[in-house]
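Chemist: One-letter residues, chain by chain:
Protein chains: 2
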Amino acid sequence: MKKKGILFIISAPSGSGKTTLCSGLVDSMGGLSRSISMTTRSPRVGERDGMDYIFIEKEEFLKRKKKNEFLEWAKVFNEYYGTPKRYVKHLVAKGQDVLLSIDVQGAMKIKRLGIKTVYIFILPPSMAKLRERLVGRSTDSKKAIAKRLKVAKKELSYLPRYDYVVVNKVLESAIENLRSIVIAERCRIGRK
Amino acid sequence: MKKKGILFIISAPSGSGKTTLCSGLVDSMGGLSRSISMTTRSPRVGERDGMDYIFIEKEEFLKRKKKNEFLEWAKVFNEYYGTPKRYVKHLVAKGQDVLLSIDVQGAMKIKRLGIKTVYIFILPPSMAKLRERLVGRSTDSKKAIAKRLKVAKKELSYLPRYDYVVVNKVLESAIENLRSIVIAERCRIGRK
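Quick note, the sequences are listed as chains A and B, same order.
Per our numbering, the first sequence starts with residue 1, numbered consecutively.
Per our numbering, the second sequence starts with residue 1, numbered consecutively.
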């Protein structure tokens, strides 16, 4: 009986250093692979097809979308982005854990695959400070706090739907926290 | 608003190396303190009062037991052992995490304290091998398997009531798994 892999979904407000964190995490541990998205946009300098993205034609994307081949998809600036279901399922069935880095809105659209899914929220240091302010005393003006709260609220409102929160204050310790979450979830009893 | 600590309960069948693991865990990370039990038995050579155990008179123990001062207690070879509730509550309120090493039977008797409690089960390497056999193919005789199963079953029957399982095959990696569980639980959202 082979142990199935786990799908780790990582979301973060922009500017949280998510990309660096995810690279650091995947590079530092075995058995964890990145999920690769398909996109219709052109590759940027340095981007490799099949590594950073799978670059496909719009027609091809829409055909796959119609066939329900994506875990989730989004249209940004007239280009499509999607997470292929089959690749994630294949890795997980082999016992590989998969890391999927995706924004909060996208994460909520993930279709249930019947595999164990763990949701991790990254907070940037400035949000962390904000969070401290939210729960503690503050010397800021009421107006300044209200403005900060408004921006934070939108993102933070998704927090309760996640399993873990990692504050990216010091990169190394944030990566250690992510590693720990992956290792701990592998030890967890009662997984699907 | 101060973050409350977490109570980590570690149980293991005898011979699993639990004591070494717990020492390794507590020594390797901050913010985690051992819970110290009270006992009526005499100190063994090298045991320090207030460090390894709190040694008290039987009369004193029974008085405290009557006052409901123990999270759990047990009588072994006519001597009493108990986990003082107040000490655990005090540390957790201060934001300290507490490690309580206790046998499976004892763990199930832990009275709810209204604090977040995480249950970790340690499997000795031989149990791990057995576990592999339980789920996989085997070349052992049916009789040998039956006997192993009987011993294992009693302990393993408690497994589903725990949150995590750590196999103590290689000491260092078992300690890393325990560390990871503690760190991950600190990142977990929705704690009590």
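Don't take each hint at face value.
You can't tell identical chains apart in this list, so a pair holds if it fits in one copy or across any two.
Below 25 angstroms or equal to it, Euclidean Cα-Cα: the simulated SDA-like pairs (lysine to any residue) are [stated by the list, open to error]:
#, residue 1, residue 2
1, K116, T19
2, K3, K169
3, K169, E60
4, K65, M29
5, K116, R188
6, K63, C187
7, K94, E59
8, K67, R179
9, K154, T40
10, K58, M29
11, K94, A74
12, K18, S157
13, K63, M29
14, K154, P125
15, K154, S126
16, K94, V167
17, K109, G30
18, K65, P124
19, K154, G114
20, K4, L62
21, K75, G46
22, K116, E79
23, K65, S28
24, K4, G95
25, K169, W73
26, K116, L156
27, K169, R179
28, K58, E155
29, K116, I183
FYI, nobody ran anything at the bench for these hints, they're computed from the structure.
Values in this document were obtained by computation on a predicted structure and should not be read as measured data.
Chemist: Hints first: check each against the structure and report whether it holds.
Modeler: Tested hints:
Taking the shortest alpha-carbon separations for K116 and T19, only the intra-copy value of 23 angstroms comes in at or below 25 angstroms, while the best inter-copy value is 32 angstroms. Within a single copy, K3 and K169 get their C-alpha atoms only as close as 34 angstroms, which misses the 25 angstroms cut-off; across copies the closest is 18 angstroms, which meets it. Proximity of K169 to E60 under the C-alpha cut-off of 25 angstroms is found in neither arrangement, the shortest distances being 41 angstroms within a copy and 49 angstroms between copies. In this assembly of identical chains, K65 and M29 lie within 25 angstroms of each other by CA distance neither inside one copy nor across copies; the values are 32 angstroms within and 48 angstroms between.
In this assembly of identical chains, the alpha carbons of K116 and R188 lie at most 25 angstroms apart whether taken from the same copy (11 angstroms) or from different copies (16 angstroms). When the C-alpha separation of K63 and C187 is checked against a cutoff of 25 angstroms, the pair qualifies neither within a copy, at 39 angstroms, nor between copies, at 40 angstroms. Taking the shortest Cα distances, K94 and E59 never come within 25 angstroms of each other, neither inside one copy (31 angstroms) nor across copies (59 angstroms). Taking identical chains as interchangeable, the C-alpha atoms of K67 and R179 are never at most 25 angstroms apart, the minima being 35 angstroms within one chain and 44 angstroms between chains.
Proximity of K154 and T40 under a CA criterion of 25 angstroms is satisfied in neither setting, with 29 angstroms inside one chain copy and 57 angstroms between copies. With identical chains, the CA atoms of K58 and M29 are never at most 25 angstroms apart, being 35 angstroms at best within one copy and 51 angstroms at best between copies. Proximity of K94 and A74 under a CA criterion of 25 angstroms is satisfied in neither setting, with 28 angstroms inside one chain copy and 45 angstroms between copies. Proximity of K18 and S157 under a CA criterion of 25 angstroms is satisfied intra-copy only: 19 angstroms inside one chain copy versus 41 angstroms between copies.
Taking the shortest Cα distances, K63 and M29 never come within 25 angstroms of each other, neither inside one copy (36 angstroms) nor across copies (52 angstroms). In the homo-oligomer, the alpha carbons of K154 and P125 lie at most 25 angstroms apart inside one protomer (17 angstroms), although the nearest pairing across protomers, at 48 angstroms, exceeds that limit. Taking identical chains as interchangeable, the C-alpha atoms of K154 and S126 lie at most 25 angstroms apart only when both belong to the same chain, with a minimum of 15 angstroms there against 51 angstroms between chains. Only between protomers do K94 and V167 lie at most 25 angstroms apart by alpha-carbon distance; the minimum there is 22 angstroms, versus 31 angstroms within a single protomer.
For the homomeric pair K109 and G30, neither the shortest alpha-carbon distance inside one copy (28 angstroms) nor that between copies (38 angstroms) is at most 25 angstroms. Taking identical chains as interchangeable, the C-alpha atoms of K65 and P124 are never at most 25 angstroms apart, the minima being 33 angstroms within one chain and 48 angstroms between chains. In the homo-oligomer, the alpha carbons of K154 and G114 never lie at most 25 angstroms apart, since the shortest distance is 29 angstroms inside one protomer and 31 angstroms across protomers. Within a single copy, K4 and L62 get their C-alpha atoms no closer than 30 angstroms, and across copies no closer than 50 angstroms, so neither meets the 25 angstroms cut-off.
Taking identical chains as interchangeable, the C-alpha atoms of K75 and G46 lie at most 25 angstroms apart only when both belong to the same chain, with a minimum of 23 angstroms there against 68 angstroms between chains. Taking identical chains as interchangeable, the C-alpha atoms of K116 and E79 are never at most 25 angstroms apart, the minima being 30 angstroms within one chain and 45 angstroms between chains. In this assembly of identical chains, K65 and S28 lie within 25 angstroms of each other by CA distance neither inside one copy nor across copies; the values are 34 angstroms within and 49 angstroms between. When the C-alpha separation of K4 and G95 is checked against a cutoff of 25 angstroms, the pair qualifies only within one copy, where the shortest distance is 4 angstroms, while the shortest distance between copies is 36 angstroms.
Within a single copy, K169 and W73 get their C-alpha atoms no closer than 30 angstroms, and across copies no closer than 42 angstroms, so neither meets the 25 angstroms cut-off. In this homomeric assembly, K116 and L156 come within 25 angstroms of each other (Cα to Cα) both inside a single copy, at 24 angstroms, and across copies, at 23 angstroms. With identical chains, the CA atoms of K169 and R179 are at most 25 angstroms apart both within one copy (16 angstroms) and between copies (20 angstroms). With identical chains, the CA atoms of K58 and E155 are never at most 25 angstroms apart, being 30 angstroms at best within one copy and 57 angstroms at best between copies.
For the homomeric pair K116 and I183, the shortest alpha-carbon distances inside one copy (14 angstroms) and between copies (20 angstroms) are both at most 25 angstroms.
Comparing the model with each numbered hint stated earlier shows that hints 3, 4, 6, 7, 8, 9, 10, 11, 13, 17, 18, 19, 20, 22, 23, 25, 28 do not hold.
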